[in-house]
Amino acid sequence: MKYLSYLLIFLSLFLHSLAESKVYIDINAPRGRKLPIAIQEFKNLGEMPSKILADDLRDVLISDLSFSGLFDLIDMSAYLEDIELSGLTASETDFRDWRIIGSQTLIKGGIRADNNGIIRVDIRLFDVILEKVLIGKRYFGITSDIRKIAHRFADEVIKNLTGERGIFATRLLFVSDISGSKEIYISDYDGQNIKRITNNGSINLSPQWSPDSSSIIYTSYKDKQPYLYMRKLSTGTEKKILDKPGINIGGRWSPDGKRIAATLSLEGNPELYILDIETRSLKRLTKNYGIDVSPSWSPDGKKLAFVSDIAGNPHIYVINSDGAGLRRLTYKGKYNTTPAWSPRGNLITFAGFNDGRFNIYTIRADGRGLKMLTSKGNNDTPSWSPDGRYIAFSSSRRNGRNNWDTYIMRADGTNQKKIISDMGNSMSPSWSPYFR
Amino acid sequence: MKMGKRIVLATFIALLSVALIGGCASKTVKDEISEKPTKAAKKPGIVKGLEEEVIKDEGALVERGPVEVSLAELENELSRMVEEEGRLTPIYFDFDRFSIKEDAKPVLNMIAKWLKKNKEISIRIQGHADERGSNEYNIALGERRAQSTRNYLTTFGIRPSRLSTISFGEEMPADSGRSEEAWAKNRRSEFEVISR
Chain A
39 MKYLSYLLIF LSLFLHSLAE SKVYIDINAP RGRKLPIAIQ EFKNLGEMPS
89 KILADDLRDV LISDLSFSGL FDLIDMSAYL EDIELSGLTA SETDFRDWRI
139 IGSQTLIKGG IRADNNGIIR VDIRLFDVIL EKVLIGKRYF GITSDIRKIA
189 HRFADEVIKN LTGERGIFAT RLLFVSDISG SKEIYISDYD GQNIKRITNN
239 GSINLSPQWS PDSSSIIYTS YKDKQPYLYM RKLSTGTEKK ILDKPGINIG
289 GRWSPDGKRI AATLSLEGNP ELYILDIETR SLKRLTKNYG IDVSPSWSPD
339 GKKLAFVSDI AGNPHIYVIN SDGAGLRRLT YKGKYNTTPA WSPRGNLITF
389 AGFNDGRFNI YTIRADGRGL KMLTSKGNND TPSWSPDGRY IAFSSSRRNG
439 RNNWDTYIMR ADGTNQKKII SDMGNSMSPS WSPYFR
Chain B
33 MKMGKRIVLA TFIALLSVAL IGGCASKTVK DEISEKPTKA AKKPGIVKGL
83 EEEVIKDEGA LVERGPVEVS LAELENELSR MVEEEGRLTP IYFDFDRFSI
133 KEDAKPVLNM IAKWLKKNKE ISIRIQGHAD ERGSNEYNIA LGERRAQSTR
183 NYLTTFGIRP SRLSTISFGE EMPADSGRSE EAWAKNRRSE FEVISR
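Chains as they are written, first to last, in my numbering: chain A, 39 to 474; chain B, 33 to 228.
These are calculated hints, taken from the structure and not from any lab test. Treat the hints loosely; a few may be bogus.
Using 27 angstroms as the maximum straight-line C-alpha spacing, the simulated BS3-like pairs for lysine-lysine come out as follows [to be verified]:
1) B:Lys151 with A:Lys262
2) A:Lys370 with A:Lys325
3) A:Lys340 with A:Lys409
4) B:Lys217 with A:Lys262
5) A:Lys372 with B:Lys217
6) A:Lys233 with A:Lys282
7) A:Lys186 with A:Lys81
8) A:Lys455 with A:Lys233
9) A:Lys233 with A:Lys260
10) A:Lys282 with A:Lys296
11) A:Lys60 with A:Lys89
12) B:Lys151 with A:Lys260
13) A:Lys233 with A:Lys270
14) A:Lys372 with B:Lys133
15) A:Lys372 with A:Lys321
Could you put the whole structure together from the sequences, leaning on the hints where they help?
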């Protein structure tokens, strides 16, 4: 009997995986064809009006899916199906109306809001050709959850159609001087829903995520010297984790969450060290007469890319996490800085100075294939999304004072999108890992 | 008033460094020519070709040898600035460099001398950078500027324990402009009197 139930579980898992095995979008195909999608207006399913919520939900979904670059959104003016006469299920949908306008996928949904601000949102993704539901989700929340619901469903869509996790529910840390001092802030990946994290009136820099996204580390001058602090996001509890004599800057969490790489000057000039969080032991990584800063771990935790000026100008180098195997990665340019190793391991992005301006570049981990991704204003501090498909960075391409804004773009440099302005200077974005 | 004095002092330091580096009057004269337009050039529309003007030797702090007196004055001025503002004259660096420039050495010589006389005083050396490049690199660069400034002062026999350092990187510019002129003012070591 017991074995039979195991067998049934196994069979159902097997069948489930078969059912999900159709890949609608090959995410890694260069210049892959975009998938035509239609997103119908969301219906009001309750007695309270929900038009504003419905429009927000649709706008966020469209913004997410178009930023991915994987979809060809069919304009609403082309839609034939009468929203009043049709329903939200497959049986209440006339798929011919959607096939005629060239759509292959369709999103439909409805919102029921009550007078306490509690909402219920039903959303479905259909395969228009096969005339079947691919995803059906019901969300319960409050009105202010509407963006979150849209991001979650957009992630479901990406997962279902590409087989890979979406990043629309991820978040960004960044630094802004809007309050008159540089403080750490957090926002959704699209720059919305901004909340302040630090409030000490000092200088706070280089926020970075723990790999489980529960905590952050950052550099602050709040105790007079630049020390490294760790803060749990849910509780706000904080501890100083590096306060050696000299500078304690640029901390980066290792992918296994057990170590932190940082630049310290306790033995003289600024060198890279690795701190074991549990044992508090400190291991020196670099030994030279130059400046060594801004480490970035490879996804397997075996190597770090960093900036060193040992050759006279700042360039990107790679070193093993045991201190061996030092090699220079960049040769072009006079000033290369802030490297970030992609979560896929194959690329390193950095800011480089050429022809009087800083731009964002990518280079393969073997030092070949240098590509310039930006060309306007100055550009700094690139940070990868956890799927390695997008890069957040700061840019001063707008005219005027306080003109550092936060941007996101696809990893090939297309679709550069300003997501944070009006925050004074917003700088040093750090893209979160996946949540949960 | 304060401002005026500071400008006088800056000019003085500039002259002094020229004197100490160049050491001869001809260089001073040459600099004067390039800066001072002739009377003809001031009037628009009149071009008489190249004009020459003899510059009087009055301001020859350099040759007459009142350097000793001026040093005393400078020391007084430094003491006054320390007492009234808690601040000594900054020194400046080239872009992405932390070596002590020749024109910074006379200033450091003064500070070393002053520190030797006022043994109860400790100073904190702040290293700063201009805004170009990354925040983290600039903190490291400011640290090296502060360190090389301290190392230079210790060669005069000042105890290192009296000379602490901190780097602010690009975070506290002296001039918030975005020009070479502003950046040049921001690549500096500043001196802060922290105890007496």
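Hints versus structure:
no.: 1; hint: B:Lys151 with A:Lys262; result: holds, 25 angstroms
no.: 2; hint: A:Lys370 with A:Lys325; result: holds, 24 angstroms
no.: 3; hint: A:Lys340 with A:Lys409; result: holds, 25 angstroms
no.: 4; hint: B:Lys217 with A:Lys262; result: holds, 23 angstroms
no.: 5; hint: A:Lys372 with B:Lys217; result: holds, 22 angstroms
no.: 6; hint: A:Lys233 with A:Lys282; result: violated, 30 angstroms
no.: 7; hint: A:Lys186 with A:Lys81; result: holds, 18 angstroms
no.: 8; hint: A:Lys455 with A:Lys233; result: holds, 20 angstroms
no.: 9; hint: A:Lys233 with A:Lys260; result: holds, 20 angstroms
no.: 10; hint: A:Lys282 with A:Lys296; result: holds, 20 angstroms
no.: 11; hint: A:Lys60 with A:Lys89; result: violated, 35 angstroms
no.: 12; hint: B:Lys151 with A:Lys260; result: violated, 30 angstroms
no.: 13; hint: A:Lys233 with A:Lys270; result: holds, 15 angstroms
no.: 14; hint: A:Lys372 with B:Lys133; result: holds, 22 angstroms
no.: 15; hint: A:Lys372 with A:Lys321; result: violated, 30 angstroms
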